[in-house]
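Student: Here the protein sequences line up with chains H and C, keeping their order. Numbered per the working numbering, the first sequence spans residues 1 to 244. Numbered per the working numbering, the second sequence spans residues 1 to 244.
These are calculated hints, taken from the structure and not from any lab test. Keep in mind that a hint or two might mislead.
[Unchecked claim] Per the computed footprint, the stretches of chain C lying under chain H, defined by three or more beta-carbons under 8 Å from a beta-carbon of chain H, are:
1) 153 to 163
2) 172 to 182
3) 211 to 224
4) 228 to 237
[What the hints assert, rightly or not] DSSO-like mimics (lysine-lysine), calculated; alpha carbons at most 30 Å apart, straight line:
5) Lys186/C <-> Lys186/H
6) Lys99/H <-> Lys68/H
7) Lys211/C <-> Lys222/C
8) Lys222/C <-> Lys207/C
9) Lys39/C <-> Lys211/C
10) Lys157/H <-> Lys186/C
11) Lys207/H <-> Lys157/H
12) Lys186/C <-> Lys222/H
13) Lys39/C <-> Lys207/C
14) Lys157/H <-> Lys186/H
15) Lys211/C <-> Lys68/C
16) Lys186/H <-> Lys222/C
17) Lys157/H <-> Lys211/H
18) Lys222/C <-> Lys157/H
19) Lys211/H <-> Lys186/H
These figures come from a predicted structure and were not determined experimentally. The C-beta atom is built at its ideal place from N, Cα and C for all residues, glycine as well.
Number of protein chains: 2
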Amino acid sequence: MTYCVGLRLNRGLVFMSDTRTNAGVDNISTFRKMHTWCKPGDRLITLLSAGNLATTQTVVSMLEEHTKAASERHPDIMEAPSMFEVARLVGATVREVIKTATDGGYQSEATFSATFILGGQVAGGSMRMFLIYPEGNFIEATEDNPFFQIGEHKYGKPILVRAYDPEMSFEMATKLLYVSFDSTLKSNLSVGLPLDLQFYERDSLTKGYEKRIQATDPYYRKISDGWSDALRTAFNSLPDFERD
Amino acid sequence: MTYCVGLRLNRGLVFMSDTRTNAGVDNISTFRKMHTWCKPGDRLITLLSAGNLATTQTVVSMLEEHTKAASERHPDIMEAPSMFEVARLVGATVREVIKTATDGGYQSEATFSATFILGGQVAGGSMRMFLIYPEGNFIEATEDNPFFQIGEHKYGKPILVRAYDPEMSFEMATKLLYVSFDSTLKSNLSVGLPLDLQFYERDSLTKGYEKRIQATDPYYRKISDGWSDALRTAFNSLPDFERD
Chain H
1 MTYCVGLRLN RGLVFMSDTR TNAGVDNIST FRKMHTWCKP GDRLITLLSA
51 GNLATTQTVV SMLEEHTKAA SERHPDIMEA PSMFEVARLV GATVREVIKT
101 ATDGGYQSEA TFSATFILGG QVAGGSMRMF LIYPEGNFIE ATEDNPFFQI
151 GEHKYGKPIL VRAYDPEMSF EMATKLLYVS FDSTLKSNLS VGLPLDLQFY
201 ERDSLTKGYE KRIQATDPYY RKISDGWSDA LRTAFNSLPD FERD
Chain C
1 MTYCVGLRLN RGLVFMSDTR TNAGVDNIST FRKMHTWCKP GDRLITLLSA
51 GNLATTQTVV SMLEEHTKAA SERHPDIMEA PSMFEVARLV GATVREVIKT
101 ATDGGYQSEA TFSATFILGG QVAGGSMRMF LIYPEGNFIE ATEDNPFFQI
151 GEHKYGKPIL VRAYDPEMSF EMATKLLYVS FDSTLKSNLS VGLPLDLQFY
201 ERDSLTKGYE KRIQATDPYY RKISDGWSDA LRTAFNSLPD FERD
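Okay, chain H solo, but in the shape it has when bound (with noise of 0.2 Å):
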């Protein structure tokens, strides 16, 4: 499994994402889920990926190539015109990709589904954020629905429901998904440390801090022993229930 979260706030995107891929709980290893593509003061774009890692390394290999090579027949997402462009470019090299794979020859169980989340900002666009199926089409971040989360969604919803305001800054909102993802971590053994976080700050068109957070990271220990602590605390504040 995987969990991949893309916040939208009102002065850039965050994203964060595991490293655990597994084939069966006996066979897990690291694998990095999020991919930049960056040219100063002409685009930055960042792809989260879940789902079959055969399915997202291509993919990512086919835009990454593309970019190399252009030719035309080849559309670049490097020299797409919008965010909205990179996106269709993204859903139909998902599509060709699974196409590809379920198409006739070796007939696996497996299935080669993937999700992504895209976000970034093209020159004389607006900053923006997608979902893209596996069946490439998409859907966009808005004020009503300003976060996606792929992979294993549930565990760490409630506290992204519950704290999330779009007028967050990079360092609480970096907190918030701390939470999340120390919740997801806890409950499924299939999403695992490290994690990757990466700013992009609205209308930068370049890419922002990033990092890379270890098991041992000392600002991750204190958050998933706090966090612990804090809603045990939380829990005790709530008023007792008595037998009627």
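Based on the hints, put chain C in the right spot on chain H.
Tutor: Frame of chain H, contents of chain C only:
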């Protein structure tokens, strides 16, 4: 969907279940998912159910029928010599009902699966709680694994893991279940009020306190509103992230 929890405390058992059933989001109904058989001084048996409604209702009806018209061919949960034998009877009934529904005849795309939490005590034995699978086999709650959840278990699990304590009072355990159910209700439309609550006091061999919790229940409102505030306070109490 459904959400049901059975908590094993040192002083007894606490059960809570929702009442929503749905066939698609446009067809929802209210059905009781908590069933109790009691012969004071001899036994108390409580069964919580999740899964296909036709399966769970048939299982409950068959168990019920057998208690009324005892015959040699139909062993009876009210006569079984131990909770372990009660669990075997329930398991065998589940297996029989699912086998009948899937064995030939019209092939539906619906799944007939169902899962149960069974708890209680039979005179001469100890208080026990089991999780019964659709295959009819089961596991028992232990000190290491003192509660069972069936149905939509993910949203409500983190707080159970963090705040459960085997020494808890029934009142404290009820507060914990209210919070766990509130997180689930807020996130999954297919889990709905009213809720059913029941206590079993160890060695009492009779039905304990019970209550149906409606949406207008003042304590439920207090917990639901209070938990949002308490979570935000807990979140704000954590140290802030600093870029390095």
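Student: All the hints need checking, so say for each whether the structure fits it.
Tutor: Results for each hint:
1. 153 to 163: It holds, with 8 qualifying residues against the three required.
2. 172 to 182: holds (count 6)
3. 211 to 224: holds (count 4)
4. 228 to 237: holds (count 8)
5. Lys186/C <-> Lys186/H: Distance ~21 Å between lysine 186/C and lysine 186/H Cα, so the pair holds.
6. Lys99/H <-> Lys68/H: holds, 24 Å
7. Lys211/C <-> Lys222/C: holds, 17 Å
8. Lys222/C <-> Lys207/C: Roughly 27 Å separates the two Cα atoms, so the pair holds.
9. Lys39/C <-> Lys211/C: Holds. Lysine 39/C to lysine 211/C sits at ~20 Å (cutoff 30 Å).
10. Lys157/H <-> Lys186/C: holds, 10 Å
11. Lys207/H <-> Lys157/H: holds, 27 Å
12. Lys186/C <-> Lys222/H: holds, 28 Å
13. Lys39/C <-> Lys207/C: Holds: lysine 39/C and lysine 207/C sit about 9 Å apart, inside 30 Å.
14. Lys157/H <-> Lys186/H: holds, 14 Å
15. Lys211/C <-> Lys68/C: holds, 26 Å
16. Lys186/H <-> Lys222/C: The hint holds at about 28 Å.
17. Lys157/H <-> Lys211/H: holds, 23 Å
18. Lys222/C <-> Lys157/H: holds, 22 Å
19. Lys211/H <-> Lys186/H: Status holds; Cα separation ~21 Å.
In summary, this structure violates none of the numbered hints.
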